[in-house]
Amino acid sequence: MADRTVYGTGGLAFDKSRMAWPNEINVFLALILLIGIFELLGQLLPYMNNQSLLFDFNTKRDGTILNMARIKIIILQVSIVGIIALGSTQVIISGGIDLSPGSIVGASVMISMSFAQTELVNGNPNPKAIFGPWAMDLPVIVPILVALACGITAGATNGFLIAYTRIPPFIATLGMMVTARGISKWWSKGAPVSFPTEEFGLIGNGLGGWMPVVIFVSLAVLFHIVLRYTVYGKHTYAIGSNEEAARMSGISVNRHKVMIYAIAGMLAGVSALVLSSKNLTAQAGMGLMYELDAIAMTVIGGVSLAGGRGSIVGTVLGALIFGVIISGFTYLRLDAFYQEMVKGVIIISAVILDQWRQRRAAART
Amino acid sequence: MSDLILETRDLTKYYGGVHALEGANFTLRRDEHVAIMGDNGAGKSTFVRQITAVEQRTRGEIIFDGEPVNFNGPLEAREAGIETVFQTLALADDLDVPDNIFLGRETTKWNFLGPFKFLAYGAMRQATLEGLERTAVKIPNIRNKIRNMSGGQRQCVAITRTSTFHSKLTIMDEPTAALGVQETAQVENIIRNLKEQGEPLILISHNMRQVFDLVDRIVVFRRGRIVANLDRNAISPEDVVAYITGARTGDEYAAAA
Chain A
1084 MADRTVYGTG GLAFDKSRMA WPNEINVFLA LILLIGIFEL LGQLLPYMNN
1134 QSLLFDFNTK RDGTILNMAR IKIIILQVSI VGIIALGSTQ VIISGGIDLS
1184 PGSIVGASVM ISMSFAQTEL VNGNPNPKAI FGPWAMDLPV IVPILVALAC
1234 GITAGATNGF LIAYTRIPPF IATLGMMVTA RGISKWWSKG APVSFPTEEF
1284 GLIGNGLGGW MPVVIFVSLA VLFHIVLRYT VYGKHTYAIG SNEEAARMSG
1334 ISVNRHKVMI YAIAGMLAGV SALVLSSKNL TAQAGMGLMY ELDAIAMTVI
1384 GGVSLAGGRG SIVGTVLGAL IFGVIISGFT YLRLDAFYQE MVKGVIIISA
1434 VILDQWRQRR AAART
Chain B
639 MSDLILETRD LTKYYGGVHA LEGANFTLRR DEHVAIMGDN GAGKSTFVRQ
689 ITAVEQRTRG EIIFDGEPVN FNGPLEAREA GIETVFQTLA LADDLDVPDN
739 IFLGRETTKW NFLGPFKFLA YGAMRQATLE GLERTAVKIP NIRNKIRNMS
789 GGQRQCVAIT RTSTFHSKLT IMDEPTAALG VQETAQVENI IRNLKEQGEP
839 LILISHNMRQ VFDLVDRIVV FRRGRIVANL DRNAISPEDV VAYITGARTG
889 DEYAAAA
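Protein sequence lines, in the order shown, are assigned to chains A and B.
Each residue of the first sequence is one higher than the one before, counting from 1084 in our numbering.
Each residue of the second sequence is one higher than the one before, counting from 639 in our numbering.
Some hints here could point you the wrong way.
Restraint ranges, calculated between C-beta atoms of paired labels, are given here [claimed, not checked]: (1) B:ALA823 with A:VAL1304: 47 to 53 Å; (2) A:VAL1225 with B:GLY719: 50 to 56 Å; (3) B:GLY836 with A:VAL1304: 46 to 52 Å; (4) A:PHE1111 with B:THR745: 41 to 47 Å; (5) B:ALA823 with A:GLY1333: 27 to 33 Å; (6) A:ILE1108 with B:THR745: 27 to 33 Å; (7) B:ARG743 with A:LYS1155: 43 to 49 Å; (8) A:SER1335 with B:ASP677: 36 to 42 Å; (9) A:GLY1333 with B:ASP641: 27 to 33 Å; (10) B:ASN786 with A:ILE1435: 34 to 40 Å.
Everything labelled a hint here was simulated from the structure, so no lab data went into it.
The beta-carbon is built from N, C-alpha and C at its ideal position, and this holds for glycine as well.
Pulled out of the complex, with its shape left as it was, chain A reads as follows (with noise of 0.2 Å):
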């Protein structure tokens, strides 16, 4: 009875320096490489002069080692997409799919923006106003409480349907894309709302244009958190894990489902903030196929489509991933085709690297 080791009981021999590494250092290696691989090729490239995808040898210039310029372009362009990765992250662990998150930013980007526009334009009437006088210049917390309102009511519909209806989330969140971006339509017949007020523009554009990668870093600190070390957290992993097992041992099923839904299109709703906060306008395609690109990043980050397993770190290392690519690509100065075509390669490796690896700790276990 006393042979009870730290790790386990029984006396049984464990090392720890044997287990299996977790995936997201493979990640992580993945884009050390990816970064390398785009530095290679910039060296090698006879048009591209000894410039460099992330550092600046030419310290004398920049005064530092970092190319900040270059690597800021990367992260902003992961946030906006990132934050709604983060919910993403969450509903695939729980072993549902999210397909509407791009089009509840467009909804949610024309109808917050409403309540967030300038009376005047350089002293003129605002000629892109939805509503009269009364929603004119209204403190920046009313467009903020009306985008997680959209975000949130959207998830919560998609989780009801998905727990009570027992519809699969593929269809339930299909249905809730094509909607959503109908209303992102027809809530201006098409025009673009626009001239929002100074303070709701800071919401992308604060501390520098820092702020998008602020918020997104914040949130995924939270989740992280959140996924980790908290009952929602565990339970979501259960459910992903095994479903039947989950209700038997007494977690309400259904109510965490449509949690984890609200709690993604709640995601949505910010990465609609700071997505029209940045571009100071909010157009009814805004976030098309953002989806997608988010579900791509969790793929890349780790998270297995079957459930249960993966990561808010994974993720947010997909996102870097998909950054690093997508500015690599610019910095190459090649088309944007390409870009395209190789983000599709790199989903479907990511997942067939994963199930490789899966089937190999399975072998030596």
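Here the structure of chain A is known, so what remains is to put chain B in place on it, guided by the hints.
Using the frame of chain A, we list chain B on its own:
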């Protein structure tokens, strides 16, 4: 307080026209281990599913811990104190041992956070190690995922889960059906431990040797009816086989056969 932890009266379940379980009168004392035996389709699992409320009975009464009960689902049965090891085990493959043992009833801190209250990982790990020791289960690393564990280890985790929380009645549905020799021995040890602690158990098993080793009483089911209620010390395995196959029927059940 009644001497009986569980009693069923005229417990009956029809699936459509099939009489899967017919008029089962069953009793279990507070410190007793009882085996339920019978051929496939004899009504053993149906009987358990009525008690644990996985299904709702057609008619009859279940008296648990002195009170008639009507559970709406397995969760209510568990909350009342009936712990069941189902044949499917009901483990979450991607979680580790403490997570599975405490699934749905986690030890938490900072409870004011509602659904986002924090898990007390340390306390749960400690309790898991103690639970595993009590049941003498050997698991080298409790942080390992269930996915990476052998059939025997999984079974042991499922059983440890039922014994970590103080239950009033444990039901095991063929706990050793898929196990090797050593793993079977480990599960049997857990059952002996339960016996020493005086916790009642209903064991469904096809293994005659195991049943004779472990329990006090054997109840035989045949074609949906209880056909014998036998004291382990008064009979031989051959007798039990005779009851199972229908060569003999207990005197008090003669009308049923």
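message: Are any of the numbered hints broken by this structure? If so, which, sorted upward?
response: The structure conflicts with hints 4, 10, although it agrees with all the remaining ones.
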